[in-house]
Amino acid sequence: MSVNLNLTNGVINLSSITIDEPTRSILAKGMNFAMTPKRIPYENIISNIEATIAKNNIPTEDAETLRQDVAAILCKSRLPKSNVTSEERLALLKIRNNKDVIVLKADEGIATVILDVVDYDNKIRNILADTDTYKLVKNDPTSRETRRIRTLIRDHQCSFTEDEYVYLSKKIIVQPPKLYGLPRVDEPNVPLRPIVSQTNAPTYSLCKYLCSKLKEIVGKTSSYVKDSRHFIDIVRNVRMEPGDIMVTFNVESLFTSVPIKECLCVIREKLLEHNLHNISDHIIDLLENCVKGNYFLYRGKYYFQIDGVASGSPVAPIIANVWMEYFEKKALSSGPPIIKLWKRRVDEIFCIIRGNEDDARQYLGHLNSIHPKIKFTSEVESGRSLVYLDTMVTVRYDGSFAYKLHRKLSYHPYLHATSHHHPRYLHSVKNSLTNRALDLCDLDHREHELTRIQEVLKHSGYGTSGHAYKRSTKEKRPDFDRQPAFLPYVKGITDKIEILLKNFSIKTMFIPMTKISKYLRSPKDFIPFQTPGVYKVDCSCDECYIGQTKRSIEERIKEHKNAVKNEQKTKSAVARHILETNHRVELDNPKVLSKDKNDYRRLVREAIEIKKHKTFNRCGGINLSSMWDPVINKLKKSEATRKTLGRSDCVSVVYRKRKHPDSESEGVRCSSHPATTMAATLSKFRKQI
1 MSVNLNLTNG VINLSSITID EPTRSILAKG MNFAMTPKRI PYENIISNIE
51 ATIAKNNIPT EDAETLRQDV AAILCKSRLP KSNVTSEERL ALLKIRNNKD
101 VIVLKADEGI ATVILDVVDY DNKIRNILAD TDTYKLVKND PTSRETRRIR
151 TLIRDHQCSF TEDEYVYLSK KIIVQPPKLY GLPRVDEPNV PLRPIVSQTN
201 APTYSLCKYL CSKLKEIVGK TSSYVKDSRH FIDIVRNVRM EPGDIMVTFN
251 VESLFTSVPI KECLCVIREK LLEHNLHNIS DHIIDLLENC VKGNYFLYRG
301 KYYFQIDGVA SGSPVAPIIA NVWMEYFEKK ALSSGPPIIK LWKRRVDEIF
351 CIIRGNEDDA RQYLGHLNSI HPKIKFTSEV ESGRSLVYLD TMVTVRYDGS
401 FAYKLHRKLS YHPYLHATSH HHPRYLHSVK NSLTNRALDL CDLDHREHEL
451 TRIQEVLKHS GYGTSGHAYK RSTKEKRPDF DRQPAFLPYV KGITDKIEIL
501 LKNFSIKTMF IPMTKISKYL RSPKDFIPFQ TPGVYKVDCS CDECYIGQTK
551 RSIEERIKEH KNAVKNEQKT KSAVARHILE TNHRVELDNP KVLSKDKNDY
601 RRLVREAIEI KKHKTFNRCG GINLSSMWDP VINKLKKSEA TRKTLGRSDC
651 VSVVYRKRKH PDSESEGVRC SSHPATTMAA TLSKFRKQI
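So the sequence shown is residues 1 to 689, counted in our numbering.
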């Protein structure tokens with residue numbers, strides 16, 4: 001398959017649809033491009049400021065001053081000018097709502113790829129058809145795996161420090177790992193690289209703990225390559241002889257090919273070699289139990305990974321690296337003595353062989369004969385040049401190496417200058433491009449690369465000053481003793497708040513709000529309401545209930561429903577309202593106002609929402625400073641205006657229904673109508689839930 005991608009086209013359309021110019025234009029900006037918000041996130045800003053005040057123990061008087069100054073900024077705030085056109089926003093909405101296509105980031109690149117959902121699904125199912133690696137299971141293993149891991153952690157409590165045990169035993173809302181794929185546009189037929197998202201999976205925290213323990217035993221071999229810069233440092237000191245040849249070897253699907261039982265034995269030996277006898281049994285037992293839990297969700301079905309490690313698991317790269325260190329030691333000691341240089345980064349090997357192409361092919365056969373599960377592909381130099389990682393090395397006449405950057409097909413210009421990121425993040429794009437060119441290009445190729453950077457920056461909306469030709473150094477920023485503030489970035493608003501926080505020696509970390517990747521549909525299975533947060537439940541009487549929970553919103557809604565079933569007014573304000581007023585409350589359609597794991601931010605957000613809305617909550621939540629009242633009043637006015645506009649929009653609908661009574665929908669009846677008895681309402685509600 002031929003894929004055309006150049007500097008002016010960051011979109012690879014492999015779907016059956018034809019994309020128009022607004023769609024191409026918005027997607028070409030990249031999945032990390034942040035659009036300007038359509039609404040200022042007042043509630044989010046206030047919640048984060050309050051959390052910052054609390055965690056830094058700012059004195060009351062200073063805290064009130066900060067609140068007052070922030071509130072003044074918010075009251076005067078105006079939305080920044082949009083960085084995308086209305087046509088581009090509409091195009092993005094259209095492609096998000098198109099259920100026949102899916103938009104993804106390219107694997108190992110930043111190009112945007114459009115695929116037909118049918119093609120994407122077929123590619124994933126072809127991967128899952130490998131019955132030696134994957135097994136379909138009937139039921140969701142999440143609860144069972146969660147109990148197993150919690151029991152395991154308790155059994156090993158004496159081997160953890162107090163802080164480690166607190167971290168590992170902390171209860172979280174567990175979600176199943178989710179499989180998705182990223183298109184490898186550099187390869188024929190564009191296969192997918194399977195990735196298992198492990199965030200909040202039963203083994204996630206334990207895998208991160210194991211990473212901290214195992215990282216000391218990997219990366220110590222002479223073959224180790226950290227990154228492209230490290231590789232260039234190595235080859236600078238290497239000389240090629242006339243009879244030498246360069247070749248790269250790559251393992252096919254390393255993560256799913258790692259033989260776990262053998263690898264665990266290797267890890268045990270490594271731990272003993274590093275004098276970690278006291279924790280070797282502890283680590284191996286935990287690791288063995290972690291890899292047992294390699295399961296995932298795809299399209300509503302659950303699969304176990306029989307062998308190998310899941311790409312996406314925090315511990316997977318370390319396990320794969322340990323295995324490859326063992327494998328290469330065995331390969332080099334048993335193969336013909338023709339290897340002059342052997343350097344490896346995980347599954348990618350750069351090799352100099354004393355011989356010719358036939359010798360390289362024979363060595364490939366040797367590598368493929370060592371273990372039945374580990375198979376390699378190879379690429380031999382062409383014209384005395386060879387690509388490794390993202391560099392191209394070429395042998396000069398004197399045997400030394402010339403080197404330059406090599407861009408894969410999935411490359412396209414970096415984050416666009418109009419992206420709604422804080423300016424310091426945009427400056428870092430220019431800095432990283434320049435530093436990378438200076439590090440990975442020799443003097444013969446540097447000028448050409450720097451000129452190309454100017455073209456890239458110009459195409460991406462940046463200025464074309466000489467800044468790109470200078471090596472940038474990190475600015476020395478003032479030291480901050482206090483905990484940082486995390487704020488959504490809104491130009492002209494939160495950057496002003498940053499200045500206020502500096503006066504309190506608080507550093508501000510900005511989070512872009514509306515990235516294109518977040519706006520589009522995710523390839524991962526979506527499980528609604530499986531998150532802690534703040535939620536709103538509407539009632540037919542125009543009042544509502546605002547709640548917050550550190551558990552999942554789904555679980556809390558179930559508790560409200562059970563309280564109604566059992567007529568327990570004291571256990572739920574929602575139940576009390578339904579039982580006392582006979583109103584219809586939309587418990588089957590809660591609105592998630594905020595997803596947040598932080599307890600204090602949730603409490604603040606809940607209190608803000610209670611003040612904003614007319615509620616039947618039993619209390620108003622935590623006490624908020626009166627300094628926020630002007631901002632909340634502004635929000636209430638905005639909400640009232642929105643509702644008024646919404647009602648006026650409904651007038652024509654009501655008129656049409658009166659003129660055409662046959663079209664009136666059935667069953668839309670206020671449950672507080674006198675003809676509806678309490679018993680009938682409760683009976684109907686119990687049947688629904």
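Rather than coming from a laboratory, the hints here were simulated on the basis of the structure.
Where hints are given, some of them may not hold.
Said to hold, decoys possible - Straight-line Cα separation of at most 25 Å, DSS-like style, residue types lysine-lysine; simulated pairs:
1. 491 <-> 458
2. 507 <-> 524
3. 213 <-> 329
4. 611 <-> 76
Stated by the list, open to error - Distance ranges between label pairs, derived from CB positions:
5. 150 <-> 262: 23 to 33 Å
6. 38 <-> 148: 37 to 47 Å
7. 18 <-> 65: 55 to 65 Å
8. 129 <-> 86: 37 to 47 Å
9. 150 <-> 443: 31 to 41 Å
10. 18 <-> 126: 39 to 49 Å
11. 241 <-> 116: 24 to 34 Å
12. 268 <-> 188: 35 to 45 Å
13. 59 <-> 529: 56 to 66 Å
14. 191 <-> 569: 55 to 65 Å
15. 638 <-> 595: 44 to 54 Å
16. 241 <-> 335: 51 to 61 Å
17. 21 <-> 132: 25 to 35 Å
18. 299 <-> 503: 48 to 58 Å
Glycine included, every Cβ here is placed at the ideal spot set by N, Cα and C.
Consistency of the hints with the structure:
{"no.": "1", "hint": "491 <-> 458", "verdict": "holds (22 Å)"}
{"no.": "2", "hint": "507 <-> 524", "verdict": "violated (34 Å)"}
{"no.": "3", "hint": "213 <-> 329", "verdict": "holds (23 Å)"}
{"no.": "4", "hint": "611 <-> 76", "verdict": "holds (20 Å)"}
{"no.": "5", "hint": "150 <-> 262: 23 to 33 Å", "verdict": "holds (29 Å)"}
{"no.": "6", "hint": "38 <-> 148: 37 to 47 Å", "verdict": "holds (45 Å)"}
{"no.": "7", "hint": "18 <-> 65: 55 to 65 Å", "verdict": "holds (57 Å)"}
{"no.": "8", "hint": "129 <-> 86: 37 to 47 Å", "verdict": "holds (44 Å)"}
{"no.": "9", "hint": "150 <-> 443: 31 to 41 Å", "verdict": "violated (58 Å)"}
{"no.": "10", "hint": "18 <-> 126: 39 to 49 Å", "verdict": "violated (27 Å)"}
{"no.": "11", "hint": "241 <-> 116: 24 to 34 Å", "verdict": "violated (51 Å)"}
{"no.": "12", "hint": "268 <-> 188: 35 to 45 Å", "verdict": "holds (40 Å)"}
{"no.": "13", "hint": "59 <-> 529: 56 to 66 Å", "verdict": "violated (39 Å)"}
{"no.": "14", "hint": "191 <-> 569: 55 to 65 Å", "verdict": "holds (58 Å)"}
{"no.": "15", "hint": "638 <-> 595: 44 to 54 Å", "verdict": "violated (22 Å)"}
{"no.": "16", "hint": "241 <-> 335: 51 to 61 Å", "verdict": "violated (19 Å)"}
{"no.": "17", "hint": "21 <-> 132: 25 to 35 Å", "verdict": "violated (47 Å)"}
{"no.": "18", "hint": "299 <-> 503: 48 to 58 Å", "verdict": "holds (52 Å)"}
Figure legend: structure checked against the earlier numbered hints; hints not met, in rising order: 2, 9, 10, 11, 13, 15, 16 and 17.
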